[in-house]
Amino acid sequence: MPLRQLRSLAAAVAAAVVSALPGTLAHAQGQPEILIGALLPLTGPAAPVGLEQQQGVQFAVDRANAAGGIRGRKVKAIFEDSQAKPDVALLSFNRLADLENVPVIITAFSSVTLAIAPLATRKKVVLINPAAQSNKLENASPYLFNTIPLVKDETSAITNYLVNSLHKKTAAIVYENVAAGIDGRDDFKKAFEKLGGKVVAEEPVEFGLTNYRPTLLKVAAAKPDVAFIVITQGHPTFVEQAAQVPGFPVGAGTTFVNPLCCYAGSAGWYQSAIKSGIPPELEKEFNTRFGTKSMGFFAREYFNSTNVALKAIDHLLGKGQALNGENLRAAIFEVKKFGSDIANITFDKTNTAARGVDIQQYTADSRKILATEEAK
Amino acid sequence: MTLEVRKLTAGYRNKIVITDVSFELAPGSIMAFFGHNGAGKSTTLKTILGALSPVEGEVWLDGERIDRLPIPERIARGIRYLPDSRGVFPDLTVEENLDVVARMNAADSGARIAVADVLSMLPLLEARRGSYAGTMSGGQQQMLAFGLALLGSPRCILLEEPSVGLQPDLVEMLFGEIRRICAKHAISAILVEHKIASAMAISDHVLIMNNGAVVFDGPPAKARESNFWEFF
Amino acid sequence: MLFLQLLVDGLVSGCAIGLVAVSFSLYYSTTRVFHVAHAGIYTLGGYLAWYGAMQGIPFAIACALAVAGAAFAGAVIQRFLYDELERREATPLVMLIASLGALAVLQNGVAMLFTPNILQFPNPWRTRMLDLGIASVSYAQVLVAASGLAAFGALMWMSRRTLLGRRIRAVASNPFLAEITRLGPRSVYLAVMAIASAMAALSGIMVGLDQAMQPYTGVLVLLTATIAVIAGGIGSLTGAFVVAVALSVLQNVALILMPGRWSIAATFALFVVFILVKPEGLFRKR
Amino acid sequence: MSFLLSYLVLATIYSIAALSTNLLVGIIGIFSVSQAAIIGVGAYTVALLAGVVPFPVAMLVAVVLCALVNVLLALPSLRVAGDYFVVTSFGCQLVATAVFINWDTLTGGASGIVAIPAPSLFGFTADTPQTFLVISTIALLAACAGFWLLMRSPFGKIVHAIREDETAVLAAGKNVLRAKVSVSAVSGVYAGLAGGLYATFLNFIDPPSFDLHVSILILTMLVVGGARTLAGSIIGPFLLLALPQLLNLVAVPPTMAGPLRQFIYGALLIAFMLFRPQGIAGRRL
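Chains as they are written, first to last, in our numbering: chain A, 1 to 376; chain B, 1 to 232; chain C, 1 to 286; chain D, 1 to 285.
Treat the hints as calculated values from the structure; they're not laboratory data.
Computed from a prediction, not measured in an experiment: that's the story for all the values here.
Some clues are possibly wrong.
Here are the simulated lysine to aspartate or glutamate pairs, EDC-like style, with alpha carbons at most 20 angstroms apart [unchecked claim]:
#, chain 1, residue 1, chain 2, residue 2
1, C, Lys278, D, Asp83
2, A, Lys152, D, Asp104
3, B, Lys15, B, Glu4
4, A, Lys190, D, Asp104
5, A, Lys293, A, Asp365
6, B, Lys46, C, Glu89
7, A, Lys124, D, Asp211
8, B, Lys15, C, Glu89
9, B, Lys46, B, Glu95
10, B, Lys195, B, Glu172
11, A, Lys123, D, Asp104
12, A, Lys123, A, Asp98
13, A, Lys123, A, Glu326
14, B, Lys46, B, Asp67
15, A, Lys198, A, Asp225
16, A, Lys189, D, Asp104
17, B, Lys46, B, Glu58
18, A, Lys124, A, Asp314
Which bits of chain A does chain C cover? Going by a derived footprint, with three or more residues having C-beta under 8 angstroms, they are [said to hold, decoys possible]:
#, region
19, 92-105
20, 199-206
21, 214-226
22, 229-242
For each residue, glycine too, the CB sits at the ideal point set by N, CA and C.
With the hints as constraints, model all of the structure from the sequences given.
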């Protein structure tokens, strides 16, 4: 590269750095901002999910600030990209913890959360996991709070219903070939076989690919009573292609498959859903803010989990304690019950929230609740 | 003069190969061009063609200076180059070879030699019209390569070792064709060849190079008497 | 019948991959540039057409505009990247790395413009089904197959019968001679890139119409296609297309015998073995 | 400042990985896009053995295994050259990723392996970035020394000559096969070292940590830093790992940040290839 070009590149980088500085230094003066970190996959194949999660966090922060902040202090969310990769996440975690000194980080993805959990313990930073359900998250760190039941708990609810109420005896599993999908597959298989059912096919779909036909055909050919589905992406396409496969059985899944609902092709399918409501006016506000058609599962959970963090921070500041991870962790256990329009989350001794689980069935344009299993 | 090369100095990156090369070529005349491997013959031809830029010196074609022109412009003015190998398009048939070159050069003013002319001049090609060039023998490919060089309005053909890989009878036949066609159409030719006797037989003029410099420039008769053969 | 349906679906996807393979082969055998960014063009085509369709433009017109847009994008890459690199006498390695860079620029440019979400075409007719007796396919699948076969046929015709086709084959088989016989290799490269890009885009659009689109899926499609190109024999367009279809059918049908999670790995493992045993490919070039 | 320290640790680990790639791509001209797979083999080996045998033993096994696998994967380059090998290499990478994901009894499948013990040596355990940096720096220095010595040896000259003109070296009666195999083995050793350090530093590994994108990232580091030199393999990782952190300072809408960064990586590759193909401190590729 000629020197002139190199120099102008250097100038551009310098200008960008300088222009960004006032923003990061702002909280050094006056009433300091409350900083919360969010470590989300903003790039790569997982980015669609990450962006929805980001909207949820931003929505909660915006609403808190619109209501005057937390005890008069503005809240700011600092987003870091994890690319859904552990080593990238590690650096991003350290940035948030060391440079920004955030007391709490909202995370996404089991792999990322598992990778940074030991660090969070060491540095006393609270992690809030609103959506990852890997069973390994249960005891990963005393500083890690899962605001969602882990996959085994939720899976057992839907499996019970499938076997005991619907008398399904054989099942096929369609799973995404990533950690969440594989955990879901294994948990379902364990739960289903324990209740006397038989798994007749296990077929993966590759993350980020959208041709499900061969998998669906193979599942249909095994002629199971029900197809248990664990995918986190591409739901409309999945339903569309399932509808094109003659003899595809009724589908069932957990919260992950929420977006399967409400298509002609998925009418009659079942899912368990972590009990979470959404007041229409709130969803409308969200949609106006982000130009979306609905407030998806991830947006809701990340919104709600951000509010959990904010509520605990509010509690902490109310007691006049210093805002740090250690105090925040204690504050979460002190508050214990985090009720909201979206969900009632309780941390009772354990780091994983107990939440009610609904069993829903879809029609072509809506869903109805068939049964509810309350939190134990 | 069709071609005039004046005090040409040229070479590759950081390495001058030929210095101060000058010669002239009359219309219709054939110049045999001899020298060791590395003496500078190819470099001279490539500089005339335009694949190399001269460091110094000039190349004139029919009274126009061409040494700053890009290759296609020189081709348009009548320079032709016959490489020592791979002078045809192997994946095209003989007919397609001739057709594609003829059509891409059809717009030239005064295009005189058409596909039909080439086929009648080189009857061997006529018989193989539909064959893929890559499947033909070396001699047949060389004929086709020569045919391709004739299309349009050639003024000066640079032939690089046209006899390589040919059987002796084919060499005589090809050289005969070259002599005949050059005379008929007033095309001049530079013939780089190591079959010295055959080349001398059809030449009007001999140029010998050694170590990048011209060491002999004169008629064949004089060349035969000279002592430059010790170079070979 | 599971087997027949898998077979038919495999044939259909094979046509789409075949189109990518043929266009890659055409470009590669002409220029010898390993154009990885082709996957980005495939992606770009789909998104451009989607954008058009979302603006309410009739599908056929949106499709034509997107194909033209992709051809233009390809031409820009050729003119301002590969041509420039060639002028600087870059090695194949440098070309390949630059191409990887272009791929990242294209994929992420698309992600920035259109979001990285999985997107579906709005046209309702695309999911309607057609019963073929032995199997059933969607209208969109019919379009995938038809466009793939038609574009392949058109390319073969162009290659044999038109002046441009002959120039392309001439340049591919002897670039130096093409330069000194004024066949204009540079403009041929540009034309080949535009044609190849248009074909990849067409494939990307039709697959997007049938399934859905994501900015990052093009790479796997291209990899499968390059396997077909190499196994088919470099320079043989028919070989590339046939092997691509065969590969796709094989991947689909093999599911009957093999768990799906090993299918991609099996394909590539098979290829690695194949390339060691028979590096010149199945379809020997003349 | 453990942010800075962990950045330094990762940069040293990636430097070792870049050196490994440099040996193959820059030095003998085998264009491999499957280096992450080899690093993965090293990482998984150490992860599985770390709790069972002492750390140095686990490392030794990983390094030997990686040398073997790397030689095995480089062997096709003896038979197929250039772009063919690129596709073969792509294939090897995809097969490796599939094995990491699907051989779940061994590798923990897609969920990976958690709680890998930190390395401990003579009773000293490197469980913080500070202490780990000591280990990773020593490893990098050793790798650099090895690279430097290899390049200066008569053997290094043969290897350079092979990249320039293989047939000439063959004609001169040198053993090309042995040279290629040896360099591949050294490259594999480096990859195993990088993988083992990576696993024990992060205490967690999963298949995407060693997928195609990682191979390409390492390649990008090498190219930006500059191939064929020692300095290039170190400058590249340090720079490219810092770049996202720099970009974080630029005010862009958060939804754009990620694709923008990848976009810039791509643009950087293009710009370097066009204007400075030898990278910052390398030699002509």
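Quick rundown of the hints versus the structure:
1. C/Lys278 with D/Asp83: Since the Cα atoms of C/Lys278 and D/Asp83 sit roughly 15 angstroms apart, the hinted pair holds (cutoff 20 angstroms).
2. A/Lys152 with D/Asp104: holds, 18 angstroms
3. B/Lys15 with B/Glu4: violated, 24 angstroms
4. A/Lys190 with D/Asp104: With Cα atoms ~16 angstroms apart, A/Lys190 and D/Asp104 stay inside 20 angstroms; holds.
5. A/Lys293 with A/Asp365: holds, 15 angstroms
6. B/Lys46 with C/Glu89: Answer holds: B/Lys46 to C/Glu89 is near 18 angstroms, not above 20 angstroms.
7. A/Lys124 with D/Asp211: violated, 31 angstroms
8. B/Lys15 with C/Glu89: holds, 18 angstroms
9. B/Lys46 with B/Glu95: This hinted pair is violated, its Cα atoms lying about 28 angstroms apart.
10. B/Lys195 with B/Glu172: holds, 11 angstroms
11. A/Lys123 with D/Asp104: Given pair A/Lys123, D/Asp104 is violated - Cα atoms ~32 angstroms apart, limit 20 angstroms.
12. A/Lys123 with A/Asp98: holds, 9 angstroms
13. A/Lys123 with A/Glu326: holds, 9 angstroms
14. B/Lys46 with B/Asp67: Holds, at about 11 angstroms.
15. A/Lys198 with A/Asp225: Satisfied, since the Cα-Cα distance of roughly 10 angstroms is no more than 20 angstroms.
16. A/Lys189 with D/Asp104: Distance of about 16 angstroms is within 20 angstroms: holds.
17. B/Lys46 with B/Glu58: holds, 14 angstroms
18. A/Lys124 with A/Asp314: holds, 19 angstroms
19. 92-105: n = 0 at 8 angstroms, threshold three: violated.
20. 199-206: holds (count 5)
21. 214-226: holds (count 6)
22. 229-242: Three-residue rule met by the region 229-242 of chain A, so holds; n is 6.
Of the numbered hints stated above, those contradicted by the structure are hints 3, 7, 9, 11, 19, listed in ascending order.
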